[in-house]
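Student: Sequence:
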Amino acid sequence: MKERFHAIDIIRGLIMVIMALDHTRDFLHYPSSPLDMQSTTVVLFFTRWITHYCAPTFVFLSGVSVFLAGQRRTKHELSLFLLKRGVWLIISDLLIMSFLFSFSLQYHLLVLEVLAAIGFGMILLAGLIYAPRWVIAAIAVLVIFGHNALDHIQPLQNKTADGLLKFFVTAGASFVSLSANRNLLGLYAPIIWAGPLLLGYVFGKLYQTGADAKKRRAILLLTGFSFMGLFVLLRLINLYGNPVPWFHQRNLAHTILAFLNAAKQPPSLLFLLMTLGPIMVLLALAENFNNRLTAFFEVYGNVPYFFFIAHFCLLRIINLALIGLSGLAYKSDGNPIVWQAQGFGYPLWVVYLFWIFVIAAFYFPCKWYGNYKRTHKHWWLSYV
21 MKERFHAIDI IRGLIMVIMA LDHTRDFLHY PSSPLDMQST TVVLFFTRWI
71 THYCAPTFVF LSGVSVFLAG QRRTKHELSL FLLKRGVWLI ISDLLIMSFL
121 FSFSLQYHLL VLEVLAAIGF GMILLAGLIY APRWVIAAIA VLVIFGHNAL
171 DHIQPLQNKT ADGLLKFFVT AGASFVSLSA NRNLLGLYAP IIWAGPLLLG
221 YVFGKLYQTG ADAKKRRAIL LLTGFSFMGL FVLLRLINLY GNPVPWFHQR
271 NLAHTILAFL NAAKQPPSLL FLLMTLGPIM VLLALAENFN NRLTAFFEVY
321 GNVPYFFFIA HFCLLRIINL ALIGLSGLAY KSDGNPIVWQ AQGFGYPLWV
371 VYLFWIFVIA AFYFPCKWYG NYKRTHKHWW LSYV
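Numbering-wise (the working numbering), the sequence shown opens with residue 21 and increments by one.
Check each hint, because a few of them may be wrong.
Claimed, not checked - Within a straight-line C-alpha distance of at most 16 Å, the following computed EDC-like cross-link-like pairs (lysine to aspartate or glutamate) qualify:
| # | residue 1 | residue 2 |
| --- | --- | --- |
| 1 | K284 | E97 |
| 2 | K284 | D56 |
| 3 | K234 | E307 |
| 4 | K284 | D353 |
| 5 | K234 | D42 |
| 6 | K235 | E307 |
Honestly, the hints are just simulated from the structure, not real lab data.
It should be emphasised that the depicted structure is a prediction, and the values quoted were computed from it without experimental measurement.
Throw the hints in and build the complete structure from the sequences for me.
Tutor: This is how it looks when you write it as structure tokens:
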């Protein structure tokens, strides 16, 4: 039975629960723009903003998990595992998540989002795994801290090269035409999202067998608070680290929202500092957490892939059932990414009620599956 670090599972579980809120809002809320300073409310903004912590945490902790998995494998075995795992995650997005997003068995829209971003990162790490750890760390730092230098790059003359640059590096959403009626949508720029994964792999050494727990917590706290401080400093300077600077809004509350509204796609330096900093601090503090609430989060953190796919399926089923009960036609409202019925939507308080229901519905299935994974050694358990 492999060793598990409870702090990692606690924080990952907490983030899984928060993530479900965002997806519940996607499927059940009125069409809205939570981050539009001209129309959003404070509650709607924070309902969306708090979920910004999800993707960076998943990606960073995936890198940590890769390092831990490498303690039980040779470099060659780990590289091969990363290749297979990465391809599986990309296929999961193409076949499973694309259907759940677009609700089309014809797959007119193939979506690559956070699972594919982690998959691409693992494939990249499969090649870098043979390099010294400092090289991987240097690449991670270069990507995270340097990519915003490309914010104002002019379109390349070569269409193919420009398309590849946008898809892998600079664009928040890149459509690639595959045929007359089929498109590929890349929501997560793979190269930029690989930065947190590589950083997680470097930090994974803090969790290796025999590592000094006190030193680990100190490094996590120092790095986390440094990231948070650097976020505030760079955001105040307002010159680098985010493609769009913040400016004063109609009132103090919305000005604060604008200050916090760092670009997620692709993840700006300020976005990653704002999210990874607090997560590192929580990882350090969580090592001393041991209560019913943290045990609750740990249940979901033990089985992230299972919960990710399963809760999406349940939300789509709830979405379709409520559309039918509302008497609405199953006709698209034109959303290019998430299929939604025209005229459908519920107030935010209803979204929160369904979010609680979805989390509760998966508690015992996740607990059972987590116990199953701990007590069995089937090869496929590494992928699901």
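Student: None of the hints should be skipped; say for each whether it holds.
Tutor: So, going through the hints one by one against the coordinates:
1. About 34 Å separates the Cα atoms of K284 and E97, which puts this hinted pair outside 16 Å; it is violated.
2. Our distance criterion of 16 Å between C-alpha atoms is met by K284 and D56, whose separation comes to about 14 Å.
3. Restraint check: the Cα-Cα separation between K234 and E307 comes to about 10 Å, which is no more than 16 Å; the hinted pair holds.
4. At most 16 Å may separate the alpha-carbon atoms for a hinted pair to count; K284 and D353 exceed this at roughly 25 Å.
5. Restraint check for K234 and D42: not satisfied, since their Cα atoms lie roughly 35 Å apart, outside the 16 Å limit.
6. Pair hint K235 plus E307 holds up; C-alpha atoms about 12 Å apart against a cutoff of 16 Å.
The structure fails hints 1, 4, 5 (numbered hints given earlier, in ascending order).
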